[in-house]
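Participant: Read off the chains here:
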Amino acid sequence: MSIEIQGIGKRFGDFVALEDVTLEVEAGSLTALLGPSGSGKSTLLRIVAGLEQPDAGTVRLDGEDVTVTPPQARGVGFVFQHYAAFKHMTVRKNVAFGLEVRRRPKSEVAARVDELLELVQLRGLADRYPAQLSGGQRQRMALARALAVEPSVLLLDEPFGALDARVRKELRRWLRRLHDEQHVTTVIVTHDQEEAMDVADRIALMHEGRIQQIGDPRELYDAPVNDFVRSFFGPVVETADGLVRPHDLSLSHEPGPTSFEAMVTRVVHLGFEVRVDLLDADGRAFSAQLTRDEEAELELESGQIVFVSPRNGVDASVGTPGLGVGDEVVE
Amino acid sequence: MSVSSVALSSGARRLTLRGIALFYLLAILIGPVIVVCWRTFDQGAGHVWDTLTDSNTIHAFEMTLLVTAIAVPVNTVFGIIVGLAIVRRNFPLKGLLNAFIDLPLALSPVVVGLSLFLLYGRGGWFGDWFEAHGIQILFALPAMVLATIFVSLPFVAREVIPTLREIGDEQEQAARTLGASAWQTFRRITLPSIRWAVIYGVVLTTARCLGEYGAVAIVSGRLEGQTETATLRVEDRYTNFDLAGAYSIAVVLASMAILVLIAMTLLKPKEEAER
Numbered sequence: 001m002s003i004e005i006q007g008i009g010k011r012f013g014d015f016v017a018l019e020d021v022t023l024e025v026e027a028g029s030l031t032a033l034l035g036p037s038g039s040g041k042s043t044l045l046r047i048v049a050g051l052e053q054p055d056a057g058t059v060r061l062d063g064e065d066v067t068v069t070p071p072q073a074r075g076v077g078f079v080f081q082h083y084a085a086f087k088h089m090t091v092r093k094n095v096a097f098g099l100e101v102r103r104r105p106k107s108e109v110a111a112r113v114d115e116l117l118e119l120v121q122l123r124g125l126a127d128r129y130p131a132q133l134s135g136g137q138r139q140r141m142a143l144a145r146a147l148a149v150e151p152s153v154l155l156l157d158e159p160f161g162a163l164d165a166r167v168r169k170e171l172r173r174w175l176r177r178l179h180d181e182q183h184v185t186t187v188i189v190t191h192d193q194e195e196a197m198d199v200a201d202r203i204a205l206m207h208e209g210r211i212q213q214i215g216d217p218r219e220l221y222d223a224p225v226n227d228f229v230r231s232f233f234g235p236v237v238e239t240a241d242g243l244v245r246p247h248d249l250s251l252s253h254e255p256g257p258t259s260f261e262a263m264v265t266r267v268v269h270l271g272f273e274v275r276v277d278l279l280d281a282d283g284r285a286f287s288a289q290l291t292r293d294e295e296a297e298l299e300l301e302s303g304q305i306v307f308v309s310p311r312n313g314v315d316a317s318v319g320t321p322g323l324g325v326g327d328e329v330v331e
Numbered sequence: 332m333s334v335s336s337v338a339l340s341s342g343a344r345r346l347t348l349r350g351i352a353l354f355y356l357l358a359i360l361i362g363p364v365i366v367v368c369w370r371t372f373d374q375g376a377g378h379v380w381d382t383l384t385d386s387n388t389i390h391a392f393e394m395t396l397l398v399t400a401i402a403v404p405v406n407t408v409f410g411i412i413v414g415l416a417i418v419r420r421n422f423p424l425k426g427l428l429n430a431f432i433d434l435p436l437a438l439s440p441v442v443v444g445l446s447l448f449l450l451y452g453r454g455g456w457f458g459d460w461f462e463a464h465g466i467q468i469l470f471a472l473p474a475m476v477l478a479t480i481f482v483s484l485p486f487v488a489r490e491v492i493p494t495l496r497e498i499g500d501e502q503e504q505a506a507r508t509l510g511a512s513a514w515q516t517f518r519r520i521t522l523p524s525i526r527w528a529v530i531y532g533v534v535l536t537t538a539r540c541l542g543e544y545g546a547v548a549i550v551s552g553r554l555e556g557q558t559e560t561a562t563l564r565v566e567d568r569y570t571n572f573d574l575a576g577a578y579s580i581a582v583v584l585a586s587m588a589i590l591v592l593i594a595m596t597l598l599k600p601k602e603e604a605e606r
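Quick mapping for you: the protein sequence lines, in order, are chains B and S.
Per our numbering, the first sequence starts with residue 1, numbered consecutively.
Per our numbering, the second sequence starts with residue 332, numbered consecutively.
Since the hints were made in silico from the structure, they are not lab data.
Just so we're clear, the structure is a prediction, and the values are computed from it rather than from any experiment.
It cannot be assumed that every hint is accurate.
[To be verified] A few chain S residues facing chain B, derived, Cβ under 7 Å:
(1) Glu501
(2) Gln502
(3) Ala505
(4) Leu509
[To be verified] Result set (EDC-like, lysine to aspartate or glutamate): computed pairs, CA atoms no more than 20 Å apart in a straight line:
(5) B:Lys93 with S:Glu503
(6) B:Lys106 with B:Glu118
(7) B:Lys87 with S:Glu501
(8) B:Lys87 with S:Glu503
(9) B:Lys93 with B:Glu115
(10) B:Lys169 with B:Glu181
(11) B:Lys93 with S:Glu501
(12) B:Lys106 with B:Asp127
(13) B:Lys87 with S:Glu497
(14) B:Lys87 with B:Glu100
(15) B:Lys87 with S:Asp500
(16) B:Lys169 with B:Glu158
Every residue gets a Cβ at the ideal spot worked out from N, C-alpha and C, and that includes glycine.
The shape of chain B in the complex, shown without the other chains:
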């Protein structure tokens, strides 16, 4: 089922949470709403679910205007960052909740719950209470609960935000596989660009209540429309020609036509790649990313003076100058 968001605006007192947001989510796709905290991404998701009322604009599900429809009549599944587990119910009861309030026959409920517990690999824990589960298990239970009622749209609000790094990686791969099997139109809110790129087909990057750019992960990384988008997808370095990423810098012991001088402050080995922290003549710190072999050839040491230039073929002219992001983007 498709989602059409048209001209949505929302204020909380004086704070403008969303301003004229328009977004179309294709049926069966997995879209990420990405942005820093306070960018309005969660508010937008809650408006789609009906948990928040917009001040302006419309929300359509599969062409039908649901802007004023209460959440229980929208047929959406919602997964919360902090699980929102029903603490006084067992895992089985939690998953069955949506079916029981719809007064489905008992045998049907039991069969569907078993099927879902199998899907989220919680079959053995069906009679436990949420307090007896780990964070990852609780979130899988919440997902099963949301999927039980066969929602037309699945909305996830920072679903892995409260989990540790290893579990979140595992769960997002698992979510992607689940999506590939079930094809439920899914929107996931996250502040982690790596997570968004890992799971989503399309990313809508938000900042200060507006969508900055919509596209597939590669588009946003390779062809950012402005400096905010560019800097959001990893650190950037300001050179004479514009902003480039650390892995687009090359270091040399010989000066070149576009190079500038910098002092090596630290060489950090991160497995295959090596991060070189540098200080330029104006005292600004930045870093360059090299491969292990490149670094070995240069034999870098802290205190050395090297010549830094953008790699050949890097177009450093993308990005609108004058947005004032220079200070925060140089690492």
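With chain B's structure known, arrange chain S on it following the hints.
Facilitator: Same frame as chain B, but now just chain S:
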């Protein structure tokens, strides 16, 4: 040497503190109850039996239980609704409502009784209307119930409000997105989550209703065998120099309150172990 003397002095200090606490409890709480129990049987068990089986005494207990049985459910429903309104909704004058709930705690029951008297008495705002329609409010059950509801009003709301704040509304939102109506969400999610606060509030409300004296004393008219509650009966026996009679009724009242508290304590740990 110095270490052990420090330990000794801290041990001694602990003992002193415990002693003070124990003495305080004994003097203020336990002592009077024991003395009342003791004096009850001064004139023998026969007199106790006679007092308690006296038809006016039985009627007084019936009145107390009847008033309690009406006031507690009313205040429970009211307390939950007000709690939900204050925590989950936004409306004008919310702060005022929140402050007003505590009014019965601050106001002397005598004042409550007097104000009811002024409202429902002859020439009062509502009094003439009810009298014209042949409905007896003062010196009858309605006024006694109103007075008791007023003085026991805050307890459920005051227990429910912090619990509602603590559980937050995410579970309720989740229930809504899963298709539950407002009533289903309340029945299946909110109420089970706050049940202990509600039960505790009900216990406190019940205790307050059983013990209510001042407001009811004014509006009931204290008609023996008609509008006399158990607490009023205690006073009646006392002023008629039937001390042992007064004590025996007081002991029954105290036992009822203690039973309610014991039932609470027995129920509660089971619930906590389950979590």
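Participant: Lys93 of chain B and Glu501 of chain S: Cα distance at most 20 Å?
Facilitator: Holds - the C-alpha atoms of Glu501 of chain S and Lys93 of chain B are around 17 Å apart, at most 20 Å.
Participant: Against chain B, is Leu509 of chain S within 7 Å by beta-carbon distance?
Facilitator: Result: holds, 4 Å to nearest chain B Cβ.
Participant: Verify the interface restraint on Ala505 of chain S: the C-beta must sit less than 7 Å from at least one C-beta of chain B.
Facilitator: holds (4 Å)
Participant: Can Glu501 of chain S be said to touch chain B, with a Cβ gap under 7 Å?
Facilitator: holds (4 Å)
Participant: Assess, step by step, whether the Cα of Lys106 of chain B is no farther than 20 Å from the Cα of Asp127 of chain B, and give holds or violated.
Facilitator: Holds, because 17 Å separates the two Cα atoms, which is no more than 20 Å.
Participant: Is the straight-line distance between the alpha-carbon of Lys87 of chain B and that of Glu100 of chain B 20 Å or less?
Facilitator: OK: Lys87 of chain B and Glu100 of chain B at ~17 Å, within 20 Å.
Participant: Are the Cα atoms of Lys169 of chain B and Glu181 of chain B separated by 20 Å or less?
Facilitator: Holds. Lys169 of chain B to Glu181 of chain B sits at ~19 Å (cutoff 20 Å).
Participant: Does Lys87 of chain B pair with Glu497 of chain S here, judged by a C-alpha cut-off of 20 Å?
Facilitator: holds (13 Å)
Participant: Between the alpha carbons of Lys169 of chain B and Glu158 of chain B, is the straight-line distance 20 Å or under?
Facilitator: Holds - the C-alpha atoms of Glu158 of chain B and Lys169 of chain B are around 13 Å apart, at most 20 Å.
Participant: Given the hinted pair Lys93 of chain B and Glu503 of chain S, is their Cα-Cα distance within 20 Å?
Facilitator: With a Cα-Cα distance of about 15 Å, the restraint between Lys93 of chain B and Glu503 of chain S holds, given a limit of 20 Å.
Participant: Has the given pair, Lys87 of chain B with Glu501 of chain S, been kept, meaning a C-alpha gap of at most 20 Å?
Facilitator: Measuring from Cα to Cα gives roughly 12 Å; hence the hint holds.
Participant: Please work out if Lys87 of chain B and Asp500 of chain S have their alpha carbons no farther apart than 20 Å.
Facilitator: holds (13 Å)
Comparing the model with each numbered hint stated earlier shows that all of them hold.
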